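J.: The primary structure of each chain is shown beneath.
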Amino acid sequence: MDSSEQVNVTSVDELEPVIEVTPALVQKRRSQGRIIFDRFVRNRIALGGAVFLILLFLFCFLGPFITGHNQPDVLHVTEASQVFAPPSPQFPFGTDDVGRDQFARAMAGGQVSLIVGLGSMLVSIILGIGIGAFAGYFGGIIDNILMRLTDVVLAVPLYLLLFVLSATLSDHTPKSVILLISIFGWTTAARLVRSEFIAQREREYVLAARTIGARDLRLMFRHILPNAAGPIIVNATLLIGSNIILESVLSFFGFGIQPPYASWGNMINYGQGFLDSDALLVIIPGLLIFLTVLSFNLVGDGLRDALDPYMTER
Amino acid sequence: MGRYIIRRLLQAIPLLFLVSVAMFGLIHLLPGGPVGVFLNPRLSAAGRAAIEQRFGLDQPLPIQYLKWIWGALQGDFGFSFVTNQPVLTVLGQRFPPTLELFTTALVLALILAILLGTISAIRQGTVTDYVVTTLSYFGISMPIFFLGLLLQELFGIVLHWLPVSGIATAGVTFDPFNALWDQFNHLLLPMLVLATSFLAGWSRYMRSSMIEVRKQDYIRTARAKGASTRTVLWRHAIRNALIPLITVVAIDFGAVAGGAAITENVFAWPGMGQLFISSLESRDYPVLLSMLVLGAVFVVAANLLADILYAVVDPRIRYS
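Protein sequences, first through last, are from chains R and D.
Be aware that the first sequence starts at 1, since it is given in the working numbering, and climbs by one per residue.
Be aware that the second sequence starts at 1, since it is given in the working numbering, and climbs by one per residue.
Next comes chain R alone, as it looks inside the complex:
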């Protein structure tokens, strides 16, 4: 309710206003998006996750140009001491057994890991929205086929199936890893969208829009879909994190991203052999994965709270 109106009503009923007009009462009416943004920002932990992610993106994508560590594949073996070098101003994360700059590799690997996480999230969400919308809107046989397909995907242990597909189908480039991960990522989004469509499709506003001549596709994507926006955004954020983990697991076993591409997962796979001599080769990419996924989870949960319409306005 508009706060300035409230003040007017009380001042008419009684001669003296009982409510003092504080700055909080006369503040401007906020838009929906603004309210959500304000709620999100007030959640310090989620905000911290978001800030970390911004810094991480800057680190991975601009870092190589700013710091000059842009040669992840160059072997710095001119001096013997540069093999397994400990962290130093020249190599902040040290070097590996053939003298590669781990700082540059962390940034290059991060680019691949983040692109795979984001890319597979996008493909999964688009697939999920499409499949869920058609199943929920049309129901009947399309819905039945979809639900059986989901059952089959859910019945087989995900990792095992993903391993088989990656070992046989993938050419181990980021693009094919994105596509493979997306094959399994769409189910949650599809179910969210489907249930929203089933709940909304008989509502009056849909009938009204149909009466003035809106076609199915317009009804589906302009009128009904926005209702599911909140859960989809939350699901998408959490999906980035779980997809980054999936990519790292695949790459760790050698079925995901393979050289010449670096990814945090295959850096751990490579460093695993030197765990007893130079644990940093494993710990640095591992910590980067951990912190990235943690931040996406925190941001996702923060968004869930901010978007929750039942949460009282603060």
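Among the chain R residues that face chain D by a calculated CB cut under 7 Å, a handful are:
#1 S248
#2 A279
#3 V293
Stretches of chain R that chain D covers, calculated by requiring three or more beta carbons in the stretch to come under 8 Å of a beta carbon on chain D:
#4 152-163
#5 249-257
#6 268-278
Label-pair ranges, simulated between beta-carbon atoms:
#7 D:N185 / R:R30: 51 to 61 Å
#8 D:L61 / R:G68: 51 to 61 Å
#9 D:K67 / R:P259: 34 to 44 Å
#10 R:P259 / D:L61: 32 to 42 Å
#11 R:L291 / D:S208: 22 to 32 Å
#12 R:P259 / D:Y4: 50 to 60 Å
#13 D:V297 / R:S176: 23 to 33 Å
#14 D:D76 / R:G273: 33 to 43 Å
#15 R:P87 / D:L15: 48 to 58 Å
#16 R:G68 / D:N185: 43 to 53 Å
#17 R:D171 / D:A50: 30 to 40 Å
Hints are computed from structural coordinates only; laboratory data are not their basis.
None of these values were measured; they are calculated from a predicted model.
Backbone N, C-alpha and C fix where the C-beta goes; we use that ideal spot for every residue, glycine too.
The hints should help you fit chain D onto chain R, whose structure is shown.
T.: Positioned in the frame of chain R, the structure of chain D alone reads:
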């Protein structure tokens, strides 16, 4: 109840049929599938035809499927390309270690999840709650293989407290008690790693369902009739709070199996997960196919078990 179980079992048949068709098709149609393994370029045409005929690979795919599923239903999953033993024998050798790791980790994760979830729910908003919540966030965000490597580094390489791989110390014969102790030491790290990765998510479910249950009227009624806090918690609250957790655990069964596969490979634990990766590397398709299909049977059975457990935990739920 008996009727309900029978109906659910009947419903599982078409699903498992679909899964087996999908997996069989997948394995056989993929480039480099079973036919590809035999397509050694140096093999003469006659030799190739002989091998194809021997393994029935020259027949149309639907016929091959029917033969395979007919055998599988009778417990004959074919022969491993690598060891030439029946698939079931190969799987049987690898089953006990996996069962040991899987059940101990599952029980540990469940007990800790129920305890931690309950504690942080009844201490909602206190330091204890924040510590548990923070740790569970860490657990959810930690890739399972990285946690494994970290613990190997810490307990094996830095502290020298625990063995980092295998199921028992090789080449040493212990008396029965020390053999058991030796095996327990080997089990400890993989079990902790596998349990941690699921404990985190499950304790969060337990916490939120416990908070929800504690607001219910029957809890207030129980308190009003004079039951002590402890009785209310153990007899009334926990039982009801367990219901959502059972669903989550059942859904996660496939993921736990996948997690066990990863853990086994990090710790060189000689179970089915290690067999799976090595079969994949050597393209041992009969073994892979059987593991995928048996994995699906396992997940479907776990879901059915969860639905039956509902009725045990919550007498209000009756199936007909």
